[in-house]
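Asker: So you can see what is in the structure, the chains are spelled out below.
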Amino acid sequence: MAGVGSACLAVGLLTALYAVGASIRGARTGRSEWVASGRRAIYCLAGLLVGAFAILEAAFLRSDFSYALVAQGSSTDTPTFYKVTALWATQDGSLLLWATLLAVFSSAVLFLTRRSLREIAPWATAVLGVVAAFFLLLMVGWENPFDTLASPPPEGAGLNPLLRHPAMMIHPPMLYTGYVGFSVPFAFAVGALITGRTGADWIRATRRFALVAWTFLGTGIMLGALWSYTELGWGGYWAWDPVENASLMPWLIGTAFIHSIMVQEKRGMLKVWNVSLICATFALCLLGTFLVRSGILDSIHAFGASTIGVQFLVFIALMVAGSAGLIVSRLPSLRSTAKLDSLLSREAFFLLNNLVLVGLCLVIIWGTFFPLISEALTGKESTVGPPWFDRLTTPLALVLVLLSGIGPVLAWRRVTPGALRRVLVLPVGMAVAAVVALLALTSAADSPASLVMFTFVAFVLAVVIQEFGRGARARGVMTGEALPQALVRLAGRNRRRYGGYMVHAGIAILFLGVAASSAFLDQRDARLSPGDSIEVGGYDVTYRRATAELGRDRGGTGAPISLGAVLDVRRGDERFTLRPTRNYYSTQDPGKGVVSRFFEGEATSEVDVRWGLRRDLWLAVRPDLASLEKAIAEGDRKFGDAPTDVQALVIAALADRYRRDPPPAAFRAIVSPLVVWIWIGGGIAVLGALVALWPSPEARLRRVRSLYAARVGRELSRA
Amino acid sequence: MEYALAVFALAALVAVLVVGPLRRPGVEEARDGARLEELNAAKEAKYREIRDAELDHRMGKLSEGDWRALDRELRGEAMEVLRELDRLEGRAPVG
Amino acid sequence: MNPARKRKIRLAVALGAALCLAVVLLYTSFSAATEASKPSELQPGRSYEVTGKVVESSVSRDEDRLRFRIRDRDGMESVPVVYAGVVPDPFREGREVIVSGELRGGTFVAERDSLVTKCPSKFTKDEEA
Chain A
44 MAGVGSACLA VGLLTALYAV GASIRGARTG RSEWVASGRR AIYCLAGLLV GAFAILEAAF
104 LRSDFSYALV AQGSSTDTPT FYKVTALWAT QDGSLLLWAT LLAVFSSAVL FLTRRSLREI
164 APWATAVLGV VAAFFLLLMV GWENPFDTLA SPPPEGAGLN PLLRHPAMMI HPPMLYTGYV
224 GFSVPFAFAV GALITGRTGA DWIRATRRFA LVAWTFLGTG IMLGALWSYT ELGWGGYWAW
284 DPVENASLMP WLIGTAFIHS IMVQEKRGML KVWNVSLICA TFALCLLGTF LVRSGILDSI
344 HAFGASTIGV QFLVFIALMV AGSAGLIVSR LPSLRSTAKL DSLLSREAFF LLNNLVLVGL
404 CLVIIWGTFF PLISEALTGK ESTVGPPWFD RLTTPLALVL VLLSGIGPVL AWRRVTPGAL
464 RRVLVLPVGM AVAAVVALLA LTSAADSPAS LVMFTFVAFV LAVVIQEFGR GARARGVMTG
524 EALPQALVRL AGRNRRRYGG YMVHAGIAIL FLGVAASSAF LDQRDARLSP GDSIEVGGYD
584 VTYRRATAEL GRDRGGTGAP ISLGAVLDVR RGDERFTLRP TRNYYSTQDP GKGVVSRFFE
644 GEATSEVDVR WGLRRDLWLA VRPDLASLEK AIAEGDRKFG DAPTDVQALV IAALADRYRR
704 DPPPAAFRAI VSPLVVWIWI GGGIAVLGAL VALWPSPEAR LRRVRSLYAA RVGRELSRA
Chain B
2 MEYALAVFAL AALVAVLVVG PLRRPGVEEA RDGARLEELN AAKEAKYREI RDAELDHRMG
62 KLSEGDWRAL DRELRGEAME VLRELDRLEG RAPVG
Chain C
799 MNPARKRKIR LAVALGAALC LAVVLLYTSF SAATEASKPS ELQPGRSYEV TGKVVESSVS
859 RDEDRLRFRI RDRDGMESVP VVYAGVVPDP FREGREVIVS GELRGGTFVA ERDSLVTKCP
919 SKFTKDEEA
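Chains as they are written, first to last, in the working numbering: chain A, 44 to 762; chain B, 2 to 96; chain C, 799 to 927.
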């Protein structure tokens with residue numbers, strides 16, 4: 044079957060190239076049958092890639108180690124969920140996922156626009172075909188997921204234990220859906236540029252795709268942060284690592300894009316800006332994919348020199364150069380049809396928000412690529428660390444949150460200063476009240492930046508609540524509905540607006556969590572023996588006893604050995620226990636002894652977190668294996684040739700010994716205030732995005748009616 | 002061997018599917034159908050703007066004078082779209 | 799003020815802001831940067847971010863300190879390192895690591911929590927320490 048899979052890729056590449064050619068032919072000659080043929084080719088491509096994906100998944104599920112990828116990333120003792128997701132834990136598999144998602148999304152958008160955008164759609168098809176062809180070429184030429192091994196090994200290497208976390212496995216598909224989602228508006232923007240139809244039509248058709256992409260990308264980023272917080276041993280959620288930054292950059296520009304297209308839809312302005320933004324977003328999406336695969340930036344995610352880094356760089360360069368050239372050549376047709384009436388308008392503030400977002404992105408680009416920049420400028424390679432990033436992004440983030448509160452309060456075109464003052468009275472009042480309360484009741488003044496952020500968050504939340512309230516009341520006056528009903532109807536008929544307000548509220552809450560948890564956390568590292576206790580963030584943590592489990596780890600990751608601790612925690616009347624552990628996975632390395640094999644493989648920290656609305660208590664343990672070293676070495680010597688069940692007994696004895704007489708273990712305890720609100724705020728933002736995305740029933744009815752009208756028109760003119 | 006066979010079979014399948022539309026070169030599809038939908042979308046967007054402006058006025062963001070001016074402008078733009086629509090539908094009468 | 803003048807003023811403001819940002823970026827990054835280096839190129843008296851491989855059989859733990867030797871990716875000479883803080887999960891002999899600190903008296907004294915381990919095989923996404 045591997046041959047069939049490989050064939051799907053090869054035929055897919057040809058199909059994609061055909062789609063490009065047929066669509067261009069159809070676009071230039073105006074012959075719709077070629078356009079239809081090109082569209083069909085994309086549908087076929089989707090079919091081929093879904094088929095290939097299914098073949099590969101099947102191989103993973105039955106642990107077919109003749110597939111190089113399965114041998115590399117999975118094993119018979121990997122739990123089923125991780126067998127399925129191990130497919131995209133590898134480079135080749137992730138390329139396949141990217142290409143498959145691209146083909147499916149392209150098919151969806153082409154199907155939805157098959158009767159509209161007659162001039163732009165063929166060019167968009169061609170662009171999507173080119174991108175698909177690139178990824179297929181990478182696979183066919185260099186990183187084929189269907190490579191087979193001449194002599195399949197009896198057991199696979201297993202999924203890296205660090206990745207055995209649900210968030211981590213859903214994270215790549217989310218990110219890729221985001222990246223792929225942005226390729227759709229990009230393709231249509233290019234089509235709009237080429238055909239000169241640079242009005243708002245291409246935006247209206249692809250707006251939802253951009254929003255879906257933004258949502259998935261944001262979710263993927265948050266899942267990565269959640270994984271970092273709950274799985275890794277350092278207790279943080281964001282390290283400004285190049286790979287983290289790589290996914291954040293397109294998200295920031297994507298956010299700018301989502302806002303500025305509204306300006307073009309409403310006022311016909313910012314046409315050049317919009318096409319530039321979407322081209323930049325897509326380039327950053329490719330860059331993000333590339334950064335993870337090349338060794339160009341030293342980060343823990345770098346995998347040495349990759350075999351496809353250069354190709355990505357070339358492709359990105361071509362895309363950027365092509366887009367820039369196209370935009371410049373079409374500048375005349377991108378002239379605004381309106382001008383900025385007043386600085387006190389939504390358009391102006393959207394533009395301001397765009398500038399801040401682009402500024403943030405530039406800061407992150409600078410910091411991420413600083414090793415290369417400094418080497419080019421000074422000959423010495425230097426890096427900047429998280430403190431620099433925090434210092435530069437904090438003021439911009441503060442401005443961003445403030446703007447997200449002012450925007451909803453404004454109207455399009457212009458707002459009279461008097462009206463503005465009236466509308467701002469309540470939110471500003473709330474913000475002032477918040478500052479006063481914080482200064483009086485908490486130690487928030489210790490961190491001025493956080494204090495400012497809290498104030499702005501209060502402002503934004505007050506604005507959002509006020510907008511909902513006043514809007515419902517205004518609607519009630521117009522339609523005579525009761526307030527609750529008016530509220531629901533209001534949001535229902537203005538989904539974009541009120542969904543957007545929800546997103547603003549969610550993001551504000553997210554920043555609240557970020558500010559509180561980063562400025563006011565309390566961290567303690569200690570070596571404890573059973574009976575010892577430490578105090579952290581108001582909690583009394585006592586190490587009660589050690590634990591040792593075999594084959595039954597808490598996270599369900601299939602770890603053979605799991606050593607940990609039970610700790611009693613007390614705070615006032617609160618009492619609970621935490622059980623952090625450390626999982627040890629065996630290595631296949633033949634150079635290691637049979638017993639030490641279990642302790643010399645990968646090891647991961649299974650953190651235990653006590654979630655709370657006001658604060659989290661995060662605990663990690665690192666058992667000291669030094670005391671077991673002698674026993675392990677002895678076990679290697681004595682039982683090297685013993686049958687496996689005897690070896691198992693030896694391991695069990697060692698585990699027992701650790702449990703009964705544990706040496707002092709290293710603990711890290713972190714109390715982070717309000718950190719759970721990061722995830723809650725993110726969830727609210729996603730909900731808001733869904734509300735904004737949801738098609739309104741009237742729109743559907745109108746669309747159907749206009750389709751019938753068009754059909755009647757067509758048939759009549761043919762007769 | 003399996004690879005070559007699969008390539009041949011899949012390529013043939015795709016070719017058949019993809020050539021389908023080419024064998025029936027349709028009459029130049031009335032572009033009007035697409036234009037109609039685009040104009041309708043533009044009309045709906047304009048209507049939404051008019052409604053939004055009224056809501057903004059009622060919520061106190063726009064003064065009476067500003068709102069009336071804006072409303073007049075937007076209604077004028079909507080009428081343009083309707084005029085374009087009528088012109089198009091005039092060519093292919095509907096109902 | 800006529801529209802053309804307004805547009806020019808706005809352009810000037812935007813360019814001014816961009817220039818400000820550029821200056822801030824240049825100034826803060828170069829003053830906050832740590833120089834990247836290989837173990838064989840370390841000089842005493844300044845802080846570095848060193849990238850190198852952990853020498854086999856050189857790892858020892860005492861109390862809460864980790865001691866190991868680090869060498870160039872393709873080199874033989876090694877430098878002893880003493881480190882306190884979180885040890886990332888993938889840390890192992892023979893693996894490539896990045897650690898920040900200063901060379902003092904022949905030993906590289908590492909900054910707390912600055913140890914980062916590169917993953918040995920190809921993964922698609924994040925591994926962090």
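To be clear, the hints were calculated from the coordinates, so they are not data collected in a lab.
One thing to keep in mind: the hints can contain errors.
[What the hints assert, rightly or not] Here are the computed distance ranges between Cβ atoms for each label pair:
1) C:Gly814 to A:Asp632: 18 to 26 Å
2) C:Arg859 to A:Asp120: 46 to 54 Å
3) C:Arg871 to A:Gly184: 41 to 49 Å
[What the hints assert, rightly or not] No farther apart than 25 Å at their CA atoms in a straight line, the calculated lysine-lysine pairs in the DSS-like style are these:
4) B:Lys47 to A:Lys423
5) C:Lys806 to A:Lys309
6) C:Lys836 to C:Lys851
7) A:Lys382 to A:Lys309
8) A:Lys382 to C:Lys806
9) A:Lys309 to C:Lys836
Glycine included, each C-beta is placed from N, C-alpha and C at the ideal position.
Asker: Under the criterion that the straight-line Cα-Cα distance not exceed 25 Å, is the pair lysine 382 of chain A, lysine 806 of chain C satisfied?
Answerer: Roughly 13 Å separates the two Cα atoms, so the pair holds.
Asker: So the hint says 46 to 54 Å: do the beta-carbon atoms of arginine 859 of chain C and aspartate 120 of chain A match that?
Answerer: Violated, at about 29 Å.
Asker: Holds or violated: are the alpha carbons of lysine 47 of chain B and lysine 423 of chain A at most 25 Å from each other?
Answerer: 57 Å, violated
Asker: Holds or violated: lysine 806 of chain C and lysine 309 of chain A, Cα atoms, limit 25 Å.
Answerer: Status holds; Cα separation ~24 Å.
Asker: A range of 41 to 49 Å was offered for this pair. Does it hold for the Cβ distance of arginine 871 of chain C and glycine 184 of chain A?
Answerer: Violated: the Cβ-Cβ distance is about 28 Å, outside 41 to 49 Å.
Asker: Is lysine 836 of chain C close enough to lysine 851 of chain C, meaning Cα to Cα at most 25 Å?
Answerer: 10 Å, holds
Asker: Check the hint pairing lysine 309 of chain A with lysine 836 of chain C against an upper bound of 25 Å on the C-alpha distance.
Answerer: Answer violated: lysine 309 of chain A to lysine 836 of chain C is near 56 Å, above 25 Å.
Asker: When you check the alpha-carbon spacing of lysine 382 of chain A and lysine 309 of chain A, does it fall within 25 Å?
Answerer: 12 Å, holds
Asker: Verify the CB-CB distance for glycine 814 of chain C and aspartate 632 of chain A against the hinted window 18 to 26 Å.
Answerer: With Cβ atoms ~60 Å apart, the hint is violated.
Consistency note: the structure conflicts with the earlier hints numbered 1, 2, 3, 4 and 9.
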